Amino acid sequence: MSRHSFSNSLSWRIIGIVSAIFFVVMVVIAIVSHNIIADEATRSTQHILHGTISELEKPLTTVEISTQAVASFMTPMLSQPEMLQMIASRTVEMSELINGCALLFVCPDGSIDTLRPAIFNYGDKDGIHQFHPNNQQLQQLCTIWNLQQLQETKMASWTAPYIPFDTRASRVVSYCYPLVDSMLNIYAIVISDMVIDQIESTVEGIRPYDNSIATLIFNKDNIIGIKSSDSDLINRFKCSFTGNSAFEDMVEDLRSNKDSIRRRVGKGRDLAFVVYAPLHNGWKLSITCPYREVLRRSSQMHVALIIIGLVGLVIIFFVCRRVIRRMTRPITELSVSALNMAKGNFKAELPEITTQDEMLRLHDSFIYMQNSIADYIDQLKTTTSANERMESELNVARNIQMGMLRTDFPPQLYALLNPAKEVGGDLYDFTLKGDQLYFAIGDVSGKGVPAALMMAITRAAVRFVESLGLPMSETLSRVNNSFIDTNSTNMFVTLFVGRINLKTLHMDFCNAGHNPLVILPPDGEPYFLKAKANLAIGLIEDFAYEAESIDLTPGTRIIAYTDGVNEAENASEEFYGNDRLLETIRQMNRDMTSETAVNLLFDSVKTFADGNPQNDDVTLMSIQL
Amino acid sequence: MDIKITQQENKTFVVLNGKIDTSNADQFQQDMTPLMEGENPDIEIDCTDMSYTSSQGLRIFLMLQKSVMARGGKMVMRNMNPQVKEVFDITGFSNIITIL
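Respectively, the protein sequence lines represent chains A and B. At the far end of the first sequence sits residue 656, using this note's numbering, and the numbering has no gaps. At the far end of the second sequence sits residue 161, using this note's numbering, and the numbering has no gaps.
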């Protein structure tokens with residue numbers, strides 16, 4: 032099977048179409064599945080976000096409630112520093128979450144009341160301790176606790192994480208609860224510290240996808256959840272939230288919308304989405320997930336699909352090729368049969384067709400063609416053999432006809448007969464009897480076999496009548512009557528007979544409708560011999576032919592011809608004509624033999640016709656006296 | 062070869078145009094055959110535009126002439142050009158066919 036087989040090309044086309052469809056389907060699947068997976072990932076991440084927020088809020092709420100309880104215990108005891116000290120100490124001791132408890136008195140103008148010393152208790156692994164900050168530490172703590180803001184809002188609030196000035200090792204966050212008098216002036220603040228470790232580990236534990244980052248944002252400058260190894264990622268996502276517009280945007284988002292927000296950040300391979308939501312105390316939790324990781328599994332699915340698709344395409348190709356090859360096998364076999372037929376084997380076996388489709392119709396047409404051609408060839412063979420037989424018979428006839436024409440020319444005379452077909456209707460004859468040279472030239476109307484038969488009759492009649500030595504007029508009359516006896520087809524013959532006495536050069540002649548002879552005197556111009564036309568042979572019985580005579584001079588040349596000469600045509604349908612005839616004869620000189628003269632004229636006619644098929648028989652005769 | 066045959070007052074008028082040669086002589090004979098029978102034998106042939114006739118053509122004119130005579134009619138050929146007339150003269154056909 033050649034590479035350019037029908038099955039191959041059709042299979043390739045099918046593969047092309049299937050591949051195109053496969054490609055489109057793949058693209059659609061990729062886009063849709065990416066969207067679905069991305070949406071699903073966002074939703075599940077938001078779920079995680081809210082779950083984590085609830086988890087984070089539980090200890091915060093506990094600390095807030097505990098602090099409010101401590102505050103309510105402390106309020107009636109403000110004048111008893113020992114009691115306050117004890118309450119703070121007990122709080123640290125009793126609470127699992129609170130590891131530091133403080134009370135700070137505030138003047139109505141917002142400054143720290145230095146007359147009533149603050150109470151500081153904290154717990155570490157060694158037990159409960161009192162702490163006495165110096166003035167500078169106290170000022171710093173006021174900043175950390177954000178006293179100014181408390182004064183303005185009169186609302187409890189949480190601080191950002193900070194490292195305490197006492198002996199505690201870990202960072203803490205503080206809940207600051209203001210005590211307000213009837214004039215809405217803050218006179219004291221209760222502060223509870225909570226270790227940040229647990230919150231930090233909770234935040235770090237959020238990892239829905241590889242390389243995803245969860246951050247807890249306290250304010251612009253305080254973020255937890257970012258490990259040093261993550262900072263690169265954060266930068267790549269352009270989402271460090273520190274001092275850049277992303278953070279401002281997030282604050283703005285969260286102010287207007289309490290629910291979680293989704294944003295896209297980064298670009299290209301680092302494209303990621305961020306979801307974030309506020310805790311009840313104003314902290315914000317955010318989770319950033321790179322799409323690359325989110326879609327990793329769907330990408331793996333796509334690779335698997337492509338591999339399956341490619342394998343499928345290969346299988347389709349081979350199956351298609353096999354099926355098509357089987358279906359088109361009859362075509363291949365028919366082409367072999369056709370080749371056999373072309374080589375001449377018309378009995379070439381045809382493949383059997385079992386289907387009822389176009390193959391069967393082709394097969395039937397093929398049988399029909401086979402039979403038609405076989406019949407045609409048979410017919411052609413018959414016709415050809417008939418033609419061949421006829422041709423060979425015609426060749427025999429030609430030989431017979433040519434045999435009728437004398438070729439034993441005397442020195443004075445030469446003649447040439449060239450039929451247009453195998454046999455023709457022209458004739459010539461001559462007899463030398465003593466000094467008398469008889470000659471005749473004639474033309475039977477028509478051509479081919481009918482003319483040839485009449486030519487034979489005429490030639491025989493002429494030969495016989497000449498042998499009688501009758502006058503020329505009588506000669507033609509007899510030929511005429513014998514011709515009419517045998518002519519039932521209205522054929523006729525133009526015939527010229529002449530008799531020259533070679534001694535005296537006296538010529539008797541009689542013309543039965545034939546072209547006039549041309550006489551070329553030794554020192555003169557050629558001219559047509561005027562002769563009474565009489566009537567062609569075969570037209571009217573007992574017609575009285577009139578003979579004439581002329582005396583010729585030595586050296587005279589006589590040219591006799593049939594109308595195949597002057598009516599020879601060239602491709603532009605011009606006749607050779609009388610003028611050319613005379614011009615050619617003018618060029619013949621005295622010394623030229625009759626044979627040379629005849630050939631010269633014949634060549635001239637042939638040159639004129641220039642390959643144009645000869646319409647009529649051509650006969651030429653020259654007599655040189 | 063173009064032939065127009067019309068009938069007028071018991072007479073057949075034939076107008077010939079072109080050449081009669083080997084290629085169309087048989088066709089010409091077929092066209093003329095109907096004129097060789099029937100009760101109105103008189104024929105007038107206009108040869109103004111006939112440029113040539115071969116001996117086959119002559120034979121057909123002879124057949125026409127004979128059939129016309131046999132039925133007691135008259136055949137006339139008119140306006141023959143000199144070249145054609147020469148052929149009729151040479152062969153003596155002018156003696157048996159009326160050429161005007």
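Hint data in this document are derived by calculation from the structure and do not stem from the laboratory. In this text the structure is predicted, and so the values were computed from the model without any measurement. A few of these clues could be false.
Dumping the calculated PhoX-like pairs for lysine-lysine here, alpha-carbon to alpha-carbon at most 25 Å [said to hold, decoys possible]: (1) B:Lys146 x B:Lys135; (2) B:Lys127 x B:Lys146; (3) B:Lys65 x B:Lys135; (4) B:Lys80 x B:Lys146; (5) B:Lys127 x A:Lys563; (6) B:Lys65 x A:Lys563; (7) B:Lys72 x B:Lys146; (8) A:Lys374 x A:Lys412; (9) B:Lys72 x A:Lys637; (10) B:Lys80 x B:Lys127; (11) A:Lys452 x B:Lys135; (12) A:Lys185 x A:Lys89; (13) B:Lys146 x A:Lys561; (14) A:Lys534 x A:Lys464; (15) A:Lys156 x A:Lys185.
Taking only the CA atoms, is the gap from Lys146 of chain B to Lys561 of chain A under or equal to 25 Å?
Answer holds: Lys146 of chain B to Lys561 of chain A is near 16 Å, not above 25 Å.
Within a Cα-Cα threshold of 25 Å, do Lys452 of chain A and Lys135 of chain B meet the stated pairing?
Violated. Lys452 of chain A to Lys135 of chain B sits at ~37 Å, over the 25 Å cutoff.
Given the hinted pair Lys72 of chain B and Lys637 of chain A, is their alpha-carbon gap at most 25 Å?
45 Å, violated
For a C-alpha distance cap of 25 Å, please report whether Lys185 of chain A and Lys89 of chain A respect it.
Given pair Lys185 of chain A, Lys89 of chain A holds - Cα atoms ~24 Å apart, limit 25 Å.
Sort out whether Lys146 of chain B lies within 25 Å of Lys127 of chain B, counting only the CA atoms.
19 Å, holds
Does Lys135 of chain B lie within 25 Å of Lys65 of chain B when you go C-alpha to C-alpha?
19 Å, holds
Within a Cα-Cα threshold of 25 Å, do Lys127 of chain B and Lys563 of chain A meet the stated pairing?
23 Å, holds
Checking one constraint from the list: CA of Lys72 of chain B to CA of Lys146 of chain B, max 25 Å. Satisfied?
24 Å, holds
Pair hint outcome, Lys374 of chain A versus Lys412 of chain A [Cα-Cα no greater than 25 Å]
16 Å, holds
Take the C-alpha atoms of Lys80 of chain B and Lys146 of chain B, compute the straight-line distance between them, and say whether it is at most 25 Å.
OK: Lys80 of chain B and Lys146 of chain B at ~14 Å, within 25 Å.
Can the restraint linking Lys146 of chain B and Lys135 of chain B be considered satisfied, given a maximum Cα separation of 25 Å?
19 Å, holds
Given the hinted pair Lys534 of chain A and Lys464 of chain A, is their Cα-Cα distance within 25 Å?
With Cα atoms ~12 Å apart, Lys534 of chain A and Lys464 of chain A stay inside 25 Å; holds.
Of the numbered hints listed earlier, those contradicted by the structure are 6, 9, 11 and 15.
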